[in-house]
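Participant: Each chain, written out:
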Amino acid sequence: MARRPIHHGIAALVALSLVAVSGSLAGAARHHASGPPIVIGFANPLTGSEASYGQSDLKAVELAVAQVNAKGGVLGRPLKLLPYDTKADPATGVAGANYFVSQHVTAVIGFFNSSISIPASAILHRADIPLVSAASTNPKLTEQGFANVFRVCGTDNFQGTAQADFLVKELHLKTAVALNDEEVYGEGVSQYFQAEFKKDGGKVLMSEGVSANQTDFSALLTQIKAMHPQVIEFGGFYTAAGLMAKQAAALGIKAVWMQDDGTIGPEYTQIGGKATLGTYLSSEPAPQDIASAATFIRQYVAKYHQQPTEFAAYNYDALNIIAHAIAAARSTGAGPVIKALARTKNFPGATGTVTFGPTGNNLTAAYLIYAVKKGLKTVPIWNPITGKKIPA
Amino acid sequence: MSTTMRRLGDRFDAATRGPRGRVLALALAAVAAVVPLALSQYDVDVLTDVALWSAIALGLNVVVGFAGLLDLGYMAFYAFGGYAFAILSTQAHWSLWACLPVGAAIAGGFGAFFGFPTLRLRGDYLAVMTLGFGEIVYLAANNLQITGGPGGIFGMPIPTLGRLSLGQPIDYYWMALALVALAAWVIGAVARTRTGRAWAYLREDETAAQAMGIPVLRYKLLAYVFGAVWAGLAGALFAAKQTIITPDTFTFTESFLAVAVVVLGGVGSLPGVILGAFAYIVIDEYFQAFTASYSGLIFSALLLIFILLRPAGLWPSRQRAQELGRSGLAPSRGERPDPGQGRGAGLGEAGAVPPGGGAP
Amino acid sequence: MIPQEVANGLIIGSIYALVALGYTLVYGILRLINFAQGSLYTVGAYIGFLLVPATAGLAHTAPALAVVVLLAAAMLGSGILAVVVDLVAYRPLRRAPLFASLVSSLAVFVLLENLVQVVVGAQPETFPTLISQTPWLIGPVAVTPSQVVLVAVALALMAALQLFTQRTRLGRAMRAVAVNHDTASMMGIPVNRVISLTFFLGGALGAAAGLLVGLNYGTITFNMGELAGLQAFTAAVLGGIGNIPGAVVGGLILGLLQSLSATVIPTQWTDAIAFAVLILVLALRPRGVLGERVAERV
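Protein chains in written order, with the numbering used here: chain A, 114 to 505; chain B, 968 to 1327; chain C, 2 to 299.
Just so you know, these hints were derived from the structure itself, not from any lab.
All values reported here derive from a predicted model rather than from experimental measurement.
Fair warning: there could be bad hints in the mix.
Here are the computed distance ranges between Cβ atoms for each label pair [stated by the list, open to error]:
id, chain 1, residue 1, chain 2, residue 2, range
1, C, R92, B, P1182, 56 to 66 Å
2, A, K486, C, L66, 40 to 50 Å
3, C, M2, A, H217, 51 to 61 Å
4, A, K458, C, P64, 51 to 61 Å
Here a beta-carbon is modelled for each residue, glycine too, at the ideal position from N, C-alpha and C.
Assemble the whole structure, with the sequences as input and the hints as a guide.
Facilitator: Here's what the structure looks like:
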């Protein structure tokens, strides 16, 4: 009986030293990401009219990858990014999805435009590759029932609703004309806006599509002017939005503009000029307006010497969420990673806490209403969830 | 150098005539079918694009090369074939095999419809009118609900043959290759018939051809229709391969590139235009960068250089080489008279300066 | 609403007219469709855009003068480019079949457009506001000083061209060459030089249009010449190609058609109108509104 404690003691000592040795060895290995890289696909419009978003998103993801690798990578392996330029064209984007499949990537971040993410997600679903979208806000993306699809950003049904609620409940405006650029995203936002606007008691005087490449909207705007709407809502991106705002002002149209998160950023005010003063925009909070994004912004600016654009922080979070899920799954296999992604709860991201719901949506995503104020600065002014103004 | 090329060309023509030529063609087809099995998926995909563009080039060659009609809206027919398959397969669950003839028929039908108003126009006005039609088709595809607007249509089903699923890159490649082989065979055969000769006559001198009793208008229309169906077939295959179709594939720039491929390859020459398609795809793949796509720049520059120095193209048909002259700088048979007077040969102009034809 | 649409139509129409004049001048003298005209329009806008920083100081003190400087630079630049295009791409093919000239013309158009894209990039670029864009309200119509300047400059240029061709010796020489090269040459007119001058004028007018569009709309892209070029060509054909007043008439009619059509069809289809007009004119009345069947064109 007396011998056992000594044996136990020696055994314990041996065990402890073994643990200590192996622990330090493992620790040493953790600081050197080595082995075959884990490839993450990244698809965004890197050229063309939305390139300013795409290029910034790419930088944000590259920053995240560098940081992850500096800490030893994931499962001891370095992360490798495989970027792909969608050129904002659905066919090119779909080819990109096929490319990722052929390259057997572990996960994909993309595809920015809802019109591209939706078809691409079908391709990735067939190949069982997880997709995390950071900017595609059309609800259809997660309504397809694909288990491999997740998103960090919000969905347009909330965006359109927020727009309508703000205009009716806060500004007490009753009549609106709804325009859209006929692409999946813009059309979707406008539809949700119109539905909520009518529900709130407002009246939609006209709903029409424009071509995204149009430069002269004077004919349409002249028609609109004759209707005397209090609001003109537009679903689409900054080039068309800016040109329309400018031409509307030239025609003496006094209506208030309601834009969406495709116009947030400096390009809108640059293209539209003075005419954009007084425009309202709905958007996910820009990184500069989120407390938890301060560190991210600092690191981004330090590395790239420029401010990140609207969706950069969401892409940054997407990468980190994927890395976290792979680590949690302890595998790069599609099944385990997708399951781990689905279990993402209260993940501390730069954009706030991220929790994926049953369809892959981010349950904690939110929209704010912004306004273009003096000096052509876009500032948040209203929170749709609380219904309260945001102090300056 | 060009004399050596010509002699080589002549030797090649002599060698490939008759039964020896047929065996050679079959051998080439067999090689083309088998070699890609050893290549990567990406390379097979690129070769499929080559095959599809070869079909386009062969079809356009009928209109531009044989009949001498400069069609600047040819991609509209590619669009008809593609959208026919997209709409029928997603809305009515038709198979690819059922959609192929439909696509071809629609393309051919519109070939006649677009061709008809151009029949009496002089070459440049004909070109502009076809451009107008091409743009209208693009705008329609971009604005209509049924074509899905700018986002297009996606989610087309994978083609199946019985219980066999044909979704691998190599399957699409073989289908495209079969189309090219069929096109080359049929078009080559037609070129040697009376129709082909009629096209040659009306191309060289429309007025003279008419005087000889050739129903010029009818043959022009036939060229449009016959040329369009190949683009329609290729379009359906293209949509099947991509599983998504958007209007941006069918812009004026694409129609211009198709013309460039035909001219660079060798207008009127079947192996030439296939070579042109190959060159285009290769250049397009290798000159991509994140900042700009240089392929448009390179291709238009090449086209300009070629039309000035070697208008017959890379692999010319001997007949067209004679017509266009060895170099665009040398006077050739199709001499252009001074403006202000009646027009002579070239692209079948007729009568006075106004773009209409014939007497007032 | 209609008076405003008329005003809008006249504004766009002036732009079409300027670019159409370029097509019509070259066609009148060479019977050639200069597809490159669309890209000369684009190049004019971009020359102006690239010179904006250089005129920044002037823009503060005398914006009108800055506009004049930019306009002159754009017109000069595109004019010279047009002459170069003729020398390189068209003159060698004067005696070649029409097919070769057409292909060459197309190649130049696409080449120049792509060159602009490679040099400047595919993203839209903005002009500073040099002329006020705050509208004057004249009854039911709102026009900005910028739009008024646009129309005024366009009309002035058109008038200047008309004066030039009708009243000056060079203008008469141009008309003579347009009738018949050989006869003009026998009369001692330096035909090739006159042709170069014609290209210069066509390019200059196209550039003026491009710059005015940039100043007025504020935003330009590398492919702006594609659609505008085709629509302006339609205007030239509509008015009667080879006919100078015809180009102006055609431009204004097309502009009005596009604007007024917005009252009956959704605006996304207005671009299709130009092409429909083109097809109809070529099919039913190819000589256009003012075109004549006689040899005398200009």
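Participant: Give a verdict on every hint.
Facilitator: Structure-based check of all given hints:
Our hint of 56 to 66 Å for C/R92 and B/P1182 is violated, since their Cβ atoms are close to 38 Å apart. The beta-carbon spacing between A/K486 and C/L66, approximately 33 Å, falls outside the hinted interval of 40 to 50 Å. Under the hint 51 to 61 Å, the C-beta atoms of C/M2 and A/H217, about 59 Å apart, fit the expected range. Checked against the hint of 51 to 61 Å, the pair A/K458 and C/P64 passes, with Cβ atoms roughly 59 Å apart.
The structure fails to meet hints 1, 2 from the earlier list, while all remaining hints are met.
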